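Peer 1: If you read the sequences in order, they're chains C and G. Number 400 marks the last residue of the first sequence (the UniProt record's numbering); no jumps. Number 325 marks the last residue of the second sequence (the UniProt record's numbering); no jumps.
Mixed in with the good hints there might be a few duds.
What the hints assert, rightly or not - Subject to a maximum C-alpha distance of 25 Å in a straight line, what follows is the list of computed SDA-like cross-link-like pairs (lysine to any residue):
1. C/Lys371 / G/Phe253
2. C/Lys371 / C/Ala382
3. G/Lys166 / C/Lys257
4. G/Lys166 / C/Arg310
5. C/Lys303 / C/Glu223
6. G/Lys166 / C/Thr24
7. C/Lys257 / C/Ala298
8. C/Lys257 / C/Ser386
9. G/Lys201 / G/Lys166
10. C/Lys371 / G/Met1
11. C/Lys391 / C/Asp370
12. G/Lys50 / C/Arg268
13. C/Lys257 / C/Ser143
14. C/Lys371 / G/Lys47
15. G/Lys166 / C/Lys238
16. G/Lys47 / C/Ala382
17. C/Lys371 / G/Glu196
18. G/Lys166 / C/Leu146
19. C/Lys45 / C/Glu223
20. C/Lys371 / G/Lys50
21. C/Lys325 / C/Val354
22. C/Lys371 / G/Ala51
23. G/Lys47 / G/Met1
24. G/Lys166 / C/Ser143
25. G/Lys166 / C/Lys45
26. C/Lys238 / G/Thr247
27. G/Lys166 / C/Glu302
28. C/Lys39 / C/Phe25
29. G/Lys47 / C/Gly173
30. G/Lys166 / C/Pro154
31. G/Lys166 / C/Glu223
Think of the hints as simulated: they come from the structure by calculation, not from any bench. Since we're looking at a predicted model, the values are computed, not measured.
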Amino acid sequence: MTTTKAKVAYSPVFTDGAEFRIPTFKLLKQDGSLYKGAKAPDISKEKALRIYRAMVTTRILDERMLAAQRQGRLSFYMQCTGEEAAVIGSTAALDDADMIMAQYREQGSLVYRGFTIDEFMNQLFGNELDYGKGRQMPVHYGSAELNYMTISSPLATQIPQATGYAYGQKLRGEGHCTITYFGEGAASEGDFHAALNMAAVHRVPVIFLCRNNGYAISTPAAEQFAADGVAPRAYGYKMDVIRVDGNDILAMHEATKAARSLAVEHNRPVLIEAMSYRLAAHSSSDDPSGYRSKDEEAVWREKDPILRMRLWLESKKWWTEDDEKKLQENMRREVLETMKRAQKRPPPALDTLVSDVYDEVPPALAEQFDKLKAHIRRHPDAYPKSAEHAKGTAKEGGLK
Amino acid sequence: MTQMNMLQAINNALDTAMAADERVLCFGEDVGIFGGVFRATSNLQQKYGKARCFNTPLVEQGIIGFANGLAAQGSVPVAEIQFADYIFPAFDQIVNESAKFRYRSGNLFNVGGLTIRAPYGGGIAGGLYHSQSPEAYFAHTPGLKIVVPRNPHQAKGLLLAAIHDKNPTLFFEPKRLYRASVGDVPDEDYQLPLGEAEVLKEGTDVTVLGWGAQMEVIEHAVEMAEKEGISCEVIDLRTILPWDVETVANSVFKTGRLVVTHEAPLTGGFAGEIAATIQERCFLYLESPIARVTGMDTPFPLVLEKEHLPNHLKVYEAIRSSVEF
Chain C
1 MTTTKAKVAY SPVFTDGAEF RIPTFKLLKQ DGSLYKGAKA PDISKEKALR IYRAMVTTRI
61 LDERMLAAQR QGRLSFYMQC TGEEAAVIGS TAALDDADMI MAQYREQGSL VYRGFTIDEF
121 MNQLFGNELD YGKGRQMPVH YGSAELNYMT ISSPLATQIP QATGYAYGQK LRGEGHCTIT
181 YFGEGAASEG DFHAALNMAA VHRVPVIFLC RNNGYAISTP AAEQFAADGV APRAYGYKMD
241 VIRVDGNDIL AMHEATKAAR SLAVEHNRPV LIEAMSYRLA AHSSSDDPSG YRSKDEEAVW
301 REKDPILRMR LWLESKKWWT EDDEKKLQEN MRREVLETMK RAQKRPPPAL DTLVSDVYDE
361 VPPALAEQFD KLKAHIRRHP DAYPKSAEHA KGTAKEGGLK
Chain G
1 MTQMNMLQAI NNALDTAMAA DERVLCFGED VGIFGGVFRA TSNLQQKYGK ARCFNTPLVE
61 QGIIGFANGL AAQGSVPVAE IQFADYIFPA FDQIVNESAK FRYRSGNLFN VGGLTIRAPY
121 GGGIAGGLYH SQSPEAYFAH TPGLKIVVPR NPHQAKGLLL AAIHDKNPTL FFEPKRLYRA
181 SVGDVPDEDY QLPLGEAEVL KEGTDVTVLG WGAQMEVIEH AVEMAEKEGI SCEVIDLRTI
241 LPWDVETVAN SVFKTGRLVV THEAPLTGGF AGEIAATIQE RCFLYLESPI ARVTGMDTPF
301 PLVLEKEHLP NHLKVYEAIR SSVEF
């Protein structure tokens, strides 16, 4: 039995869906004024400034940390540059208790929710205060307190997990949802399709936010999909979908706010496709000059989402040149000072090598650890970071 | 006590867990009203509702991805993969996600509540895609627990332990025994320990080790050997990961000989891991090489299944060779 109610035709009629062109929702022009007919969104001055400060902080953090990577201070970094509005605008439309399951380029969400510069640095340098205990590459942040699930490197795996997480939220009935972020490249993975289909079938309060930023490392969107972007796929799953100008902070906020209400109040999952551009390289290991032109980038630099919001704030008399100067100076200083502090902190203790694999260290692993410590005691100079932790007798084990 | 077959015991375990804790959920392909293709989840939807026991779309990576998220949220998902042969689309979610969730987040988040059930093994004329034993693939992944029961009593006690365990657990059910294995099962909520092997029978000449459906095969082989005066110590490993090295090593210290048997192919099979560890521990006590009796290094066949499988005759011969070495 099938539930598809198709019209009957008596000659073969093929369709490729080209007639469906999804419009792009926009509110704010690049000069900071609203499009004609666009309704001014209901965002308080306080909230608008919280959003703007998060955008600027993210940009400064990214610039400084890329420079730090180039200086050899850290092994790897990923910038959010160009996509600040897509990430922060959407996060700002949620309740802070909603869960965020991000890809890896959503540090702006954390900044907005109050992750401190110290917390960023501890992760980037994998020191003893890193919540992830120095186990993952830089930028794999996580915060239980801020409802930001720890980042996982494998692409798109978080998308079906978001569906599952949100299903649990629905059962608990506390009126919360989950948002998951990913790029248009990740949307090619099977996990994406599994997640959307399951969410639609089981009416799960989850928001899928695709940052369509034009490139998956070096692969341009045109080599990623043949269709009109990622958004039309929602039709196949009978899911609500909206395409938004991803550089328009007001549109991103409004669209996500409406999506949240569909998700939480009506248990309808929503797909948001944010059209933007990854102005920076994919990561510090990537060099875009090998696959795209400076002219192409220049076009998008003109559409800078931060400048666009600043002009809007200035038009509302909520922000001045002086405010900008102070924020920039303070933030640059804080980032530098915090980085120096974090770099000096010791690495995680040696026993973090074997903790958290299971809830308790199993006997075979405890034995391996004892052997390792005995070995380090014989060669302390070869393991300068851990020699202190390996002291004591083998019998002690040293496991918590 | 009630007489149950293994499916009834598994169903009873799920019922027990769902009645005790509303956070426990069962889902998978055909798991809802139909009760699963083997009926392991019969009546659970009727009893606990569609929100807690339901069909998923046919997408294994989605089922386990969904289950990972649900477990991270604090629910206690029991996800069914219809056959262990079809667990591979979910391999990434299990190996890269379930197994590493706690470690990568420094225990900010974990999916300890997750249990994945899957029928495994041959002997049902299932051919190459309804007969595999994939435990060794997952045994290479720190962070998972892998459990295999051998009869209804074990199935209920171990499944309840897996559901309550604070680590993601794969529970492989020997489908050949689903209806064939019948026995007394306590009606109450009880758990058997994970990570502990069980010595089923004490002996002095040779240790014979296996898990799941292979325990029945071992039983027949040992009967044959004992008629010839060979005293066998029989151990059910029960938990493949992390496995109980102590119990097996202590047995081999006593007997000096070890025969390990599993249905999965020889090369890279878990018997190899056991053999390596035991020779390391027990080298000076060994009277003969550690023997592995396993499936062949072929895909699982259909018509020649009996020839392929490590049956009681092959295990018996290995016991004799070991003793006569």
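Peer 1: Please work out if C/Lys257 and C/Ser143 have their alpha carbons no farther apart than 25 Å.
Peer 2: Answer holds: C/Lys257 to C/Ser143 is near 23 Å, not above 25 Å.
Peer 1: Quick one, are G/Lys166 and C/Glu302 close enough, alpha carbons at most 25 Å?
Peer 2: 52 Å, violated
Peer 1: Regarding the pair G/Lys201 and G/Lys166, is the alpha-carbon distance no greater than 25 Å?
Peer 2: Judged against 25 Å, a Cα distance of about 31 Å means the pair is violated.
Peer 1: Decide if the proposed pair is consistent with the structure: G/Lys166 and C/Pro154, CA atoms, cutoff 25 Å inclusive.
Peer 2: 24 Å, holds
Peer 1: Would you check the hint for G/Lys47 and C/Ala382, treating anything up to 25 Å between C-alpha atoms as holding?
Peer 2: 61 Å, violated
Peer 1: If you draw a straight line from the CA of C/Lys371 to the CA of G/Ala51, is it 25 Å or shorter?
Peer 2: Not OK: C/Lys371 and G/Ala51 at ~49 Å, beyond 25 Å, violated.
Peer 1: Holds or violated: C/Lys257 with C/Ser386, Cα cutoff 25 Å?
Peer 2: Answer violated: C/Lys257 to C/Ser386 is near 49 Å, above 25 Å.
Peer 1: Does the structure keep C/Lys238 and G/Thr247 at a Cα separation of 25 Å or less?
Peer 2: 55 Å, violated
Peer 1: Between C/Lys371 and G/Lys47, does the CA-CA distance stay at or below 25 Å?
Peer 2: Judged against 25 Å, a Cα distance of about 52 Å means the pair is violated.
Peer 1: Holds or violated: G/Lys166 with C/Lys257, Cα cutoff 25 Å?
Peer 2: 36 Å, violated
Peer 1: Holds or violated: C/Lys371 with G/Phe253, Cα cutoff 25 Å?
Peer 2: Holds: C/Lys371 and G/Phe253 sit about 22 Å apart, inside 25 Å.
Peer 1: Next pair to validate is C/Lys257 with C/Ala298; report whether the Cα-Cα distance is within 25 Å.
Peer 2: 31 Å, violated
The structure is inconsistent with the numbered hints 3, 4, 6, 7, 8, 9, 10, 14, 15, 16, 19, 20, 21, 22, 25, 26, 27 and 31, although it conforms to all the rest.
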